[in-house]
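Colleague: In this text, residue positions in the sequence shown follow our numbering: the first is 441, and each later residue adds one.
Hints in this document: simulated from the structure, not taken from any laboratory.
Everything hinted at is true.
Below, in silico cross-link-like pairs of lysine to any residue (SDA-like), each with a Cα-Cα straight-line distance of 20 Å or less: (1) LYS457 with GLU513; (2) LYS466 with PRO503; (3) LYS462 with LYS528; (4) LYS478 with GLU508; (5) LYS457 with SER483; (6) LYS463 with THR446; (7) LYS457 with ILE509; (8) LYS463 with THR530; (9) LYS463 with SER512; (10) LYS463 with LYS528; (11) LYS465 with ILE506; (12) LYS518 with TYR495; (13) LYS522 with HIS471; (14) LYS478 with ILE509; (15) LYS478 with ASP521; (16) LYS522 with TYR470; (17) LYS466 with GLU525.
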Amino acid sequence: MTISITGLHFESDPKLKAYADKKIKKLLRYHSHITDIKVRLLSEKSHRGQEQDYYCEITIHVPGRILEIVDSERAMDKAIDKAVERMKRT
Numbered sequence: 441m442t443i444s445i446t447g448l449h450f451e452s453d454p455k456l457k458a459y460a461d462k463k464i465k466k467l468l469r470y471h472s473h474i475t476d477i478k479v480r481l482l483s484e485k486s487h488r489g490q491e492q493d494y495y496c497e498i499t500i501h502v503p504g505r506i507l508e509i510v511d512s513e514r515a516m517d518k519a520i521d522k523a524v525e526r527m528k529r530t
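Using the sequences provided together with the hints, build the complete structure.
Modeller: In structure tokens form, the structure reads like this:
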């Protein structure tokens, strides 16, 4: 099983990647046959003004299925938490 964490349109620091890795590994309890996990962390300018929206996209490959979740928040750590919680229920 491989875990890939990438960032797009922002500087991702090692602490944030470690945080995402820790949260993503918790999904192994819920999906035992995971073959591959891809996490994309994105930042985009909000359409509401000068603020940033942060997105966390999680794609999990299990035999016979691909699970994908995308969530956004005002802070990257909250976007990660929200996406992981939704993936737990999938």
